[in-house]
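Residue numbers (the working numbering), protein chains in the order written: chain A, 1399 to 1511; chain B, -4 to 107.
Rather than coming from a laboratory, the hints here were simulated on the basis of the structure.
All C-beta atoms, glycine included, are put in the ideal place defined by N, C-alpha and C.
Take the hints with a grain of salt, since some may be wrong.
Stated by the list, open to error - Have a look at the derived ranges for each label pair, beta carbon to beta carbon:
1. L94(B) - T1425(A): 14 to 24 Å
2. V107(B) - T1425(A): 34 to 44 Å
3. L1459(A) - S100(B): 31 to 41 Å
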Amino acid sequence: SQQGEEDPQALSIQEGENATMNCSYKTSINNLQWYRQNSGRGLVHLILIRSNEREKHSGRLRVTLDTSKKSSSLLITASRAADTASYFCATPPAGGGADGLTFGKGTHLIIQP
Amino acid sequence: SQTIHQWPATLVQPVGSPLSLECTVEGTSNPNLYWYRQAAGRGLQLLFYSVGIGQISSEVPQNLSASRPQDRQFILSSKKLLLSDSGFYLCAWSVGGGLGYTFGSGTRLTVV
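With the rest of the complex left out, here is chain A (with noise of 0.2 Å):
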């Protein structure tokens, strides 16, 4: 079953701009983790944020994580054409374990040169 749901499904925004995708999950978990998809490539991790923290940041990434509504965001600033991707949250099995991480179905984000 999903874990994680991402939203919107997709966003189309003009370069420059801030974009920002949620997802949510139900169950616990000790991390939460995004990852971007280029067209037909495999998926790279960008961000890791865990249970404890509630916000991080990495280069024009943004990530918030809020345990108590279960929530998460992924926040690009100064938006740029290469920005053009998938993007995932992923979240571990509870007590770390190694099962494959749990995947929403991506919010798709187009940005507009």
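Let chain A serve as the given structure and place chain B on it in line with the hints.
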């Protein structure tokens, strides 16, 4: 540095034919290995994972199987492909503990 190789990049196979997709990891020992499938415009579905040689866990019943003959080699197979096996197959590895995963570049499989 660690790298992951997955091949082929694209594959077109007739219904009923066998399948073998290979994934190898370099630069790490005893990785956790994973096979995912992604249908068009959808999220990723975990198919198999392995924590060691010969140890395979299946997440969903299907027409596919996986094997791990060596520590850093993970193979996805089928004896007879179905149309519904079409999709984008991704291999990934992790050090475990629920930390970040590294994905291969994927194989686009089209069953005709």
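Okay, the hints, checked on the actual structure:
no.: 1; hint: L94(B) - T1425(A): 14 to 24 Å; in the structure: holds (18 Å)
no.: 2; hint: V107(B) - T1425(A): 34 to 44 Å; in the structure: holds (39 Å)
no.: 3; hint: L1459(A) - S100(B): 31 to 41 Å; in the structure: violated (22 Å)
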